[in-house]
Amino acid sequence: MDNYFLVLYNTFMKDERYMLIVNGLLFTLAVTILAALIGIILGVVLSLMTISDFRPFKNIKSERFAFLRDFNPFTKIALIYITVIRGTPTVVQLLILFNLVFIGVLEAPIFVVAVVGFGLNSAAYVAEIIRAGIQGLDKGQMEAARALGMSYGKAMQVIIIPQAIKKIMPALVSEFIVLFKETSVVGMIGGNDLTKAAREIAASSYRAAEPWLLAALIYLLLTTLFTYFMRKVEKRLKESD
Amino acid sequence: MIKINNLHKYFGELHVLKGIDLEVKQGDVTAIIGPSGSGKSTLLHCINKLEEPSQGHIYIDNEDIMAQDCDINAIRQKVGMVFQHFNLFPHKNVLENITLAPTLVKKVTKDEAEKTAYELLNKVGLSDKAFSYPSKLSGGQKQRIAIARALAMKPEVILFDEPTSALDPEMIKEVLDVMKDLAKEGMTMLIVTHEMGFAKNVANRLIFMDNGMVVEDTEPNLFFSAPKSDRAKEFLDKVLNK
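Taken in sequence, the protein lines are chains A and B. Once you know that position 92 of the first sequence is 148 in my numbering, the rest is easy, because the numbers rise by one and skip nothing. Once you know that position 34 of the second sequence is 25 in my numbering, the rest is easy, because the numbers rise by one and skip nothing.
There is no bait here: all hints are sound.
Computed list of lysine-lysine pairs in DSS-like fashion (alpha-carbon distance at most 30 Å, straight line): (1) B:114 <-> B:16; (2) B:145 <-> B:97; (3) B:191 <-> B:9; (4) B:40 <-> A:132; (5) A:195 <-> B:69; (6) B:164 <-> A:195; (7) B:40 <-> A:117; (8) B:9 <-> A:117; (9) B:101 <-> A:210; (10) B:191 <-> B:164; (11) B:127 <-> A:195; (12) B:120 <-> A:223; (13) A:114 <-> B:69; (14) A:210 <-> B:114; (15) A:291 <-> B:83; (16) A:210 <-> B:98; (17) B:101 <-> B:114; (18) A:222 <-> B:127; (19) B:171 <-> B:97; (20) B:127 <-> B:171; (21) B:114 <-> B:127; (22) A:117 <-> B:-6; (23) B:16 <-> B:175; (24) A:195 <-> B:120; (25) A:132 <-> A:223; (26) A:294 <-> A:195; (27) B:98 <-> A:195; (28) A:210 <-> A:223; (29) A:195 <-> B:9; (30) B:145 <-> B:114; (31) B:145 <-> B:98; (32) B:69 <-> B:16; (33) B:164 <-> B:145; (34) B:97 <-> B:175; (35) A:195 <-> B:114; (36) A:291 <-> B:120; (37) A:223 <-> B:83.
Hints listed in this document are in silico derivations from the structure and should not be mistaken for laboratory results.
Take the sequences, apply the hints, and build the full model.
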């Protein structure tokens, strides 16, 4: 048994290898949180675009262009974006962003590429979650708000979105956890995250099992803590209903 | 006060309103009755443009609400609405439900809005519910709050869309009593209803609709004692002798 502790000590403590884990975890957390912020903000915008009723050509008279009457450019753009993002693998998106956009065009550190990449990716999923939440609300809520003289924007802001957020909390929590775990592919573009740290320790210590198990344990611990915390928040939100 | 000329409404191919002409004067308490699918609710929804009219004109205080430059949000402040399913905001308490629109839309101060809200709660007999959430209220209480919420905007007319249809029989009276008080105070009201007793006793005008058209526009007593059209006779026979 003493021998095994020595092995563990050598695996993680020698040459301060544990610092790889600590730094990797910080990188993972920072990317996740910042990407989630981008995802939420852009996701809200995209979802509003998909449900908007903006038809600039609805009064067109010519029968030749009659098909344009129902054309909604916002919805179109948002749907194309969501289709492309959801229809391609995250790693591929990240590699495209890294190799085509940031190298040569914009010089940026890996960290920024990762945040932007995962943020743009998450936004598509968040947009669909929010859209479902808004469309799942009783139509009467919007009618009541509008009947009281509120503008569409005010009604969205004060009546619809707060209720939708409450409803979609579980789905958003899920998406956050997926995002957190998905960042483990960031090593593909050279990001030094938790998974990459495990790989490096495995390579330099010649121990295959322990570094990976430790990484898995840390992912599991954090997602469990987060889930537990969000359940509490959900419960609090429910109380005001 | 409200003037409707040749109003048509289509839902796709479906022709729901087929040329409605109607004039509502200040203080009118108008009951709109008729079989389901006759277009009563759609007519009400067109008046504050919750449904976009397909053709025709609607004037509210001589302002054409179909005009391009019409500020519909300003019009809606004058036209209150009470819904069949109440549509209270579930994430706001009763007081917030009532004060929300006055503070946000009319820019009334919070203190003033709350003062009005308490007066209205008193009027509908629910002063003790100011801090309750809608989910804790009965159907009748919800509808009375919904009426208070509409009144808080100090509208010139209130549209009631089957206000008692979703209520338990025991709770209908408490809502009708509030509406009766409003009628006495001279509030202009348009009420789509299946409550024949209410239409007869409280309304001073009765509109019978069928198949997207106004079939009779008369006094309630006349309508119930001597309906002119065969369609109205048939309808009354069904609803009164059930």
